[in-house]
Amino acid sequence: MKVQLLDHERIDELHIKGYQIIQSQERFCFGMDAVLLSDFVRGKVGANVLDMGTGTAIIPILLEAKEKGEQFVALEIQHESVDMARRSVELNGLQDKIQVVEGDIKEASKLMKASSFDIVTCNPPYMNSNHGITNPELPKAIARHEILCTLEDVIREGAKLTKQKGSFYLIHRPFRLAEIVGLLLQYKMEPKRMRLVYPYVDKEPNMVMIEAVKGGKSRIQVESPLIVYEKDGTYTEEIYKIYGINSEKPME
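In terms of UniProt numbering, the sequence shown has 34 at position 34, counting the first letter as 1, and numbering is strictly consecutive.
Hint data in this document are derived by calculation from the structure and do not stem from the laboratory.
Check each hint, because a few of them may be wrong.
To be verified - Quick list of the computed label-pair ranges, beta carbon to beta carbon:
| no. | residue 1 | residue 2 | range |
| --- | --- | --- | --- |
| 1 | P225 | S247 | 17 to 27 angstroms |
| 2 | Q4 | K217 | 42 to 52 angstroms |
| 3 | K106 | Q4 | 24 to 34 angstroms |
| 4 | G182 | K217 | 13 to 23 angstroms |
| 5 | D232 | G93 | 38 to 48 angstroms |
Where a beta carbon is used, it is the ideal one built from N, C-alpha and C, also for glycine.
Between the sequences and the hints, there should be enough to build the whole structure, so can you do that?
So this is what it looks like as structure tokens:
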């Protein structure tokens with residue numbers, strides 16, 4: 001299906017089911033973290049899924065492609081990103097599967113019915129006011145820094161919208177792990193699975209993925225490390241597999 005592209009926009013391949021996505025270098029393009037989170041989700045056919053802070057709806061599109069849900073709501077506050085997300089949904093013919101809602105994560109439980117989602121996902125801004133230099137370009141700054149919402153906003157609203165025994169999925173930075181776990185427990189979301197992502201096998205992890213279950217029992221499974229790069233700087237076989245790309249062909 002053809003859709004209109006604005007200046008500075010492009011269409012990128014997602015390497016699964018022929019799906020594509022509209023992106024713009026002037027805004028925040030999706031990164032590996034969104035792709036990894038979509039792979040980490042244990043979704044299933046029939047699940048009702050919410051992605052908070054969806055950007056251009058990359059996570060719902062990937063989850064739908066991987067049959068990790070039936071109906072999807074993609075919540076995003078930035079109007080330009082909402083517009084791109086809706087056109088990406090249209091581009092892939094997914095209007096009956098993915099609904100893009102313009103709204104604030106802090107108000108998510110007022111915009112949607114409480115305890116109505118089997119799965120809630122979020123790839124939130126990683127940095128608060130004490131972490132790093134804020135990007136001078138506002139759309140990119142909003143994606144990286146807690147300008148419009150905090151980690152507590154994300155977990156509080158995610159907890160309210162997740163069904164009892166439903167799952168909340170988050171990807172974040174390991175240096176905030178203690179804060180993440182503390183907030184999850186505060187809002188009755190029990191951490192059940194965790195996987196650390198390492199750029200190289202001999203480096204410190206730079207991402208952590210967590211699944212928390214609403215009302216779950218206290219027991220967490222720490223999965224095997226995910227290594228991104230081989231020593232020579234090429235991607236590992238697992239990363240190629242997650243992206244759905246033959247390792248003999250270079251990734252764009």
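Verification of the supplied hints:
no.	hint	verdict
1	P225 with S247: 17 to 27 angstroms	holds (19 angstroms)
2	Q4 with K217: 42 to 52 angstroms	holds (50 angstroms)
3	K106 with Q4: 24 to 34 angstroms	holds (31 angstroms)
4	G182 with K217: 13 to 23 angstroms	holds (18 angstroms)
5	D232 with G93: 38 to 48 angstroms	holds (40 angstroms)
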